[in-house]
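Please build the complete structure, drawing on both the sequences and the hints.
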Amino acid sequence: MSVALRILLIVGAVAVFAIICKRVKSSKMQIMDSIYWIVLAAVLILNAVFPGIAITLANAFGFISASNFVFLIIIGLLLVKEFSNSADISVLKHKVEELAQEQGLDDYDQAVQGERIGRIERYERARRGREAGKAGRGHGADDPMETGE
Amino acid sequence: MRVLALVPAFNEEECIEATISSLVSTCPGVDYVIVNDGSSDDTRAICEGKRMNIVSLPVNTGLASGFRCGMKYAKRHGYDAVIQFDADGQHLPEYVLPMVKRLVETDADVVIASRYLDGTVRPSGARGAGSRLITWLIHVTTGATVTDPTSGMRIYGRRMIDMFSAPSSFDIAPEPDTIALVARKGGKVVEMQARMRERQGGESYLNLVNVLRYMSRTCLSIILFQFLR
Numbered sequence: 001m002s003v004a005l006r007i008l009l010i011v012g013a014v015a016v017f018a019i020i021c022k023r024v025k026s027s028k029m030q031i032m033d034s035i036y037w038i039v040l041a042a043v044l045i046l047n048a049v050f051p052g053i054a055i056t057l058a059n060a061f062g063f064i065s066a067s068n069f070v071f072l073i074i075i076g077l078l079l080v081k082e083f084s085n086s087a088d089i090s091v092l093k094h095k096v097e098e099l100a101q102e103q104g105l106d107d108y109d110q111a112v113q114g115e116r117i118g119r120i121e122r123y124e125r126a127r128r129g130r131e132a133g134k135a136g137r138g139h140g141a142d143d144p145m146e147t148g149e
Numbered sequence: 150m151r152v153l154a155l156v157p158a159f160n161e162e163e164c165i166e167a168t169i170s171s172l173v174s175t176c177p178g179v180d181y182v183i184v185n186d187g188s189s190d191d192t193r194a195i196c197e198g199k200r201m202n203i204v205s206l207p208v209n210t211g212l213a214s215g216f217r218c219g220m221k222y223a224k225r226h227g228y229d230a231v232i233q234f235d236a237d238g239q240h241l242p243e244y245v246l247p248m249v250k251r252l253v254e255t256d257a258d259v260v261i262a263s264r265y266l267d268g269t270v271r272p273s274g275a276r277g278a279g280s281r282l283i284t285w286l287i288h289v290t291t292g293a294t295v296t297d298p299t300s301g302m303r304i305y306g307r308r309m310i311d312m313f314s315a316p317s318s319f320d321i322a323p324e325p326d327t328i329a330l331v332a333r334k335g336g337k338v339v340e341m342q343a344r345m346r347e348r349q350g351g352e353s354y355l356n357l358v359n360v361l362r363y364m365s366r367t368c369l370s371i372i373l374f375q376f377l378r
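Protein chains in written order, with the numbering used here: chain L, 1 to 149; chain Z, 150 to 378.
Rather than coming from a laboratory, the hints here were simulated on the basis of the structure. A few of these clues could be false.
Within a straight-line C-alpha distance of at most 30 Å, the following computed DSS-like cross-link-like pairs (lysine-lysine) qualify [unchecked claim]: (1) L:Lys93 <-> L:Lys81; (2) L:Lys25 <-> L:Lys134; (3) L:Lys25 <-> L:Lys81; (4) L:Lys28 <-> Z:Lys224; (5) Z:Lys250 <-> L:Lys95; (6) L:Lys81 <-> L:Lys95; (7) L:Lys28 <-> L:Lys134; (8) Z:Lys334 <-> Z:Lys250; (9) Z:Lys250 <-> L:Lys93; (10) L:Lys22 <-> L:Lys134; (11) L:Lys95 <-> L:Lys22; (12) Z:Lys224 <-> L:Lys93.
Below, the structure written as structure tokens:
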């Protein structure tokens, strides 16, 4: 594994680390979601600092060069992440749909209830008006027959 | 027996009013609910203005989600059967009551309004081929014969209302793969002959990409995933 690749790995890892720290600090990523990237950065640094690990494993699996093995590890890690993202999005989609449905049904119930209360209020107003009229003091200002439905 | 016509609507301002008024006048004993799936046009304003019975979702979530919302409504309001009725005027209200009757008579879980049960030949080309493929897949995997699996006009009994409205139900859509699932799990799927119209307004979502997605999902679900559910 060339020195240049090792330096590149370290630079990449440090960059990943810095970006993640910034994101967590500015509340743009949850700590739970940062774990993957911190581990990824650690794996890159491990490979760069101890090339012996990659070289030994590459020989054991029959890779021509250790760098190919490092690339494979990175591709593998990315695939795992992509898969878990896909699964998470599925669950999130389901949750958003559920929430939208519940909100729609809640709004509906509230509108129906509001309408009912309105009807009761109109009825009460009309009833009070009628009683006032019967008492003989109704001045016809609000005719109960008009406020009723 | 309380029957609910579930009318999913996404951007159906052109024909929702005509659809609902013909439904109400043809089937006075049937309640309806429009589930407005976050339409960006005037669907909601028109329905509320005419004091129609409408549930509006705050965002667009797709037909399956809108349909499930309607099923939750049916469950919470104690309906015994739900008929899916398209807002675009393709479905004819004359068939609603016969379908209810058929559901009761046969004690079925689903009654499908089929355009091809009487031997009418399916359209040639991709549409007919897709329909035939789904019919064949359902037959091979479940033994049931469904001549018009893609018909959107279906009436669902109480067991299906429970299934669709259950909080645990994940990715259950009013599509052919659910029909296959029900048939395989021992549910009863019945068809009856019906006529349908061309859509009376609005836009079809059936462009090439969506058709491919729909067919891929349906086939994959019937061939593979129904056995895991």
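Do the alpha carbons of L:Lys28 and L:Lys134 lie within 30 Å of each other, as the hint requires?
At roughly 69 Å apart (the allowed maximum being 30 Å), L:Lys134 and L:Lys28 break the hint.
Is L:Lys22 within 30 Å of L:Lys134, Cα to Cα?
76 Å, violated
Check the hint pairing L:Lys25 with L:Lys81 against an upper bound of 30 Å on the C-alpha distance.
22 Å, holds
Agreement of L:Lys95 and L:Lys22 with the hint, judged by alpha carbon distance not exceeding 30 Å:
29 Å, holds
Keeping to a limit of 30 Å between CA atoms, is the pair of Z:Lys250 and L:Lys93 held or broken?
Distance of about 37 Å is beyond 30 Å: violated.
Measure nothing beyond the straight line between the CA atoms of Z:Lys224 and L:Lys93; if it is 30 Å or shorter, mark the hint as holding.
23 Å, holds
What's the verdict on L:Lys93 and L:Lys81, does the C-alpha distance respect the 30 Å limit or exceed it?
Distance ~18 Å between L:Lys93 and L:Lys81 Cα, so the pair holds.
Would you mind confirming whether the straight-line C-alpha gap from L:Lys81 to L:Lys95 stays at or under 30 Å?
21 Å, holds
Next pair to validate is Z:Lys250 with L:Lys95; report whether the Cα-Cα distance is within 30 Å.
With Cα atoms ~36 Å apart, Z:Lys250 and L:Lys95 exceed 30 Å; violated.
Given the proposed pairing of L:Lys28 with Z:Lys224, does the C-alpha separation stay at or below 30 Å?
40 Å, violated
Given the hint that Z:Lys334 pairs with Z:Lys250, test it: the Cα-Cα distance must not exceed 30 Å.
24 Å, holds
Hinted pair, alpha-carbon criterion (30 Å max): L:Lys25, L:Lys134. Please report holds or violated.
73 Å, violated
Figure legend: structure checked against the earlier numbered hints; hints not met, in rising order: 2, 4, 5, 7, 9, 10.
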